[in-house]
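Asker: Sequence:
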Amino acid sequence: MTSVFDLYPHLISLIGEITVLFVLGCLICGLILLFLTIYAIRTGNLLFPRFMRAGLIFLEGMMRGLFKLVGVEDQEFLRIMVTLQNTLNRKAFMVIPIPQRAVFIPQCLRSGACPAHLHEEGLNCRSCGLCQIGVAKPLLEKMGYKFFIVPGSSFIKRMVKRYRPKAIIGIGCLIEIKEGTEMAGQLNLISMGIVTTRDGCVETAVNWDEVYQIALLGVSRTDIPQELEKYSS
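Under the numbering used here, the residues of the sequence shown are numbered 4 to 236, in order.
It is possible that part of the hints are untrue.
Simulated crosslink set (DSSO-like; lysine-lysine; CA at most 27 Å straight-line) [as the list claims (entries may be wrong)]:
1. Lys160 <-> Lys233
2. Lys140 <-> Lys164
3. Lys164 <-> Lys181
4. Lys160 <-> Lys149
5. Lys140 <-> Lys233
6. Lys145 <-> Lys164
7. Lys71 <-> Lys149
8. Lys140 <-> Lys71
9. Lys233 <-> Lys94
10. Lys71 <-> Lys94
11. Lys149 <-> Lys164
12. Lys160 <-> Lys140
13. Lys181 <-> Lys140
14. Lys71 <-> Lys181
15. Lys145 <-> Lys71
16. Lys181 <-> Lys149
17. Lys169 <-> Lys145
Derived by calculation from the structure, the hints in this document are not laboratory data.
Generate the whole structure from the sequences, applying the supplied hints.
Answerer: Quick look at the structure:
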């Protein structure tokens, strides 16, 4: 009669084989993801975005190590994650009506001499002409967007709870966009992230053309302000 102790060596051997297969599987997936990521960086094209996103999240630690071995910095890794998220959310974002969308602008984009004051819904832009926020705000609000200039994520959560948008556009540095995307997922929001072109705490910069292009996704040409027609696809 076979005892439990007799089966123990076979069980250990089986666990060892499964572990080796799992590690090899992860390594193979990692190499495939590495190839797809490098291809995306060099060409700007994303292949199998759902697989890439799931793999990069599940194997994030290992992938960061592989990327460093081939000279891909963390900044590029985060940028690819943002691009993947935007690609996967694009179609869902396009079908959300404009009145159910919101734009969140970080306060660091404003001028250092900005006269706006903070109130319960963020900074109250005075359209003073010192920065591009005063240009973008009336244009996007004219379309029906809810527009907020916020100092932090707590304001975003508060405005989401108050106005219940179904989709948001968020602007920020790579880390902020990554964290914001995760927060949006927890709040069941469709999010589109736009990374600033200059980081910092004061007078950062963003590609406003990109902001308008994303804001116009799914919008009928008849609903686009004349000033933004050149950004519609």
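Asker: So, for every hint listed, does it hold in this structure?
Answerer: These are the hints, each one checked on the structure:
{"no.": "1", "hint": "Lys160 <-> Lys233", "result": "33 Å, violated"}
{"no.": "2", "hint": "Lys140 <-> Lys164", "result": "21 Å, holds"}
{"no.": "3", "hint": "Lys164 <-> Lys181", "result": "20 Å, holds"}
{"no.": "4", "hint": "Lys160 <-> Lys149", "result": "14 Å, holds"}
{"no.": "5", "hint": "Lys140 <-> Lys233", "result": "18 Å, holds"}
{"no.": "6", "hint": "Lys145 <-> Lys164", "result": "23 Å, holds"}
{"no.": "7", "hint": "Lys71 <-> Lys149", "result": "40 Å, violated"}
{"no.": "8", "hint": "Lys140 <-> Lys71", "result": "40 Å, violated"}
{"no.": "9", "hint": "Lys233 <-> Lys94", "result": "21 Å, holds"}
{"no.": "10", "hint": "Lys71 <-> Lys94", "result": "33 Å, violated"}
{"no.": "11", "hint": "Lys149 <-> Lys164", "result": "13 Å, holds"}
{"no.": "12", "hint": "Lys160 <-> Lys140", "result": "20 Å, holds"}
{"no.": "13", "hint": "Lys181 <-> Lys140", "result": "24 Å, holds"}
{"no.": "14", "hint": "Lys71 <-> Lys181", "result": "19 Å, holds"}
{"no.": "15", "hint": "Lys145 <-> Lys71", "result": "45 Å, violated"}
{"no.": "16", "hint": "Lys181 <-> Lys149", "result": "22 Å, holds"}
{"no.": "17", "hint": "Lys169 <-> Lys145", "result": "19 Å, holds"}
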